[in-house]
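Asks: Each chain, written out:
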Amino acid sequence: MGMQVVPSMSGSDQGKGSDVLDVQDRARFEQLVLPHLDAAFNLARWLLRSRADSEDVAQEAMLRAFRFFRGFHGGDARAWLLQIVRNACYTWLEKNRPVELMTEFDEELHPQPSASPEALAIEGNNRERLTRALETLPPRFREVLVLRELEGCSYKEIASITAIPIGTVMSALARARQRLQRALTPAPAQEASREL
Amino acid sequence: MNCDLTRTVLHGYLDGELDATRAAEFELHLEGCRECTTSLGSEESLRSSLGRSGLYENAPAGLRSKVRAGLNTMTAPPAVVRIPAWQWLSVAATIVVVASVSWFAWLRPGSDSSATTPFTVAEIIDAHVRSLQPGHLTDVASTDQHTVKPWFNGKLAFVPPVKDFADEGFALVGGRLDVLGGQNVAALVYSRRKHIINVFVLPTKEPDTPIHPPGLRQGYQWRHWRRQGMEYCAVSDVSDSDLYELAQLIYQ
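Chains as they are written, first to last, in this note's numbering: chain Z, 4 to 199; chain B, 208 to 459.
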């Protein structure tokens, strides 16, 4: 399964880098898209795992969104922007950290029991633990979790942002959560797997 | 004992994405399935810890202004912005272009002040209004002039004079980068009885002027002046006498 790195903007990207954006486009963009700058940055930060790189990529994606703004015909501006940001992130990853993208959805081969609530007992340094666990997941798992749990996106939005069919968002999330649970479960997980 | 629903429908249920019928079916299933019950519990606790841990990372303070500066270069009418104002060598040329463009801008009906500025009234008001939107007011929030002033170092090609006038009733709130007429400018933010005053500062080669008479549009007032190589424009919804008072304090 190859990575989808070609920016596709739900068919509305007509491919012309437009140089005719005027003050009205600008005002509309400021009103509809710019307010989602935090969302853009947050998604980039979790995909790239670096604040500095995310700042560059989010900025670039924002300007790209503006260039193609005439192709945005209303609707969910956040999802539209995040789609562009995501594509920009994958392009960046492919160029700078191609190895990271080679991980595929492979854990079906090794089903794991979900961790018990006790194993997931939440401690004080939670944020750090969760950050580390999230960052160990392959980008494809990380993005659905970030979109769902941090950005609060619906399945429909996740489908349009990540270009996975809506029917598979649920199972993608299920697998991502399972991975995260596993990443959060300390060593005794080994023992559990013996039962299989 | 591997329940298929644990790895599928349970998540739709958790996310509130099942339709009413399927949700009811799953609830019925939950009563008899220990695996799903346990799993739902751990997924819920994972979700709440993800929610509580402050993992969401907002854009850094300066990113918004950087994006805006980029947008400026892409927005027509481009006469002003096509000249990259941040390139050191073209600063002088930019001022000439900006001045001539704004000359036309100021000839338009509705210009109600005699001062010629390198930005239009609409830009000043827009910048002021934009700054009042949540999270836009300051890139550096501090009442300490010795914090605000150095913050601009390296972000602009000039250092704006920054003073707190809290004792006179104009407390410094902070500063931010903004863009006026295609140029990066410093915006100093003061508050006056809960009203916000933006003072935009940028370098100029024009000679000093007195504080010009007030302008008024859309309920906002502004005062403009030049002093010691800097161009100032203070804008707010406070009364003109308040605005003039602050202008005089800065002018001294």
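FYI, nobody ran anything at the bench for these hints, they're computed from the structure. Glycine is no exception: its CB is placed at the ideal position from the N, C-alpha and C atoms. Take the hints with a grain of salt, since some may be wrong.
[Stated by the list, open to error] Now the stretches of chain B that chain Z is said to cover, found in silico as 3 or more residues with beta-carbon under 8 Å:
no., stretch
1, 248 to 258
2, 265 to 273
3, 405 to 418
Asks: For each hint, tell me whether it holds in the structure or not.
Replies: Against the structure, the hints come out as follows:
{"no.": "1", "hint": "248 to 258", "in the structure": "holds (count 9)"}
{"no.": "2", "hint": "265 to 273", "in the structure": "holds (count 6)"}
{"no.": "3", "hint": "405 to 418", "in the structure": "violated (count 0)"}
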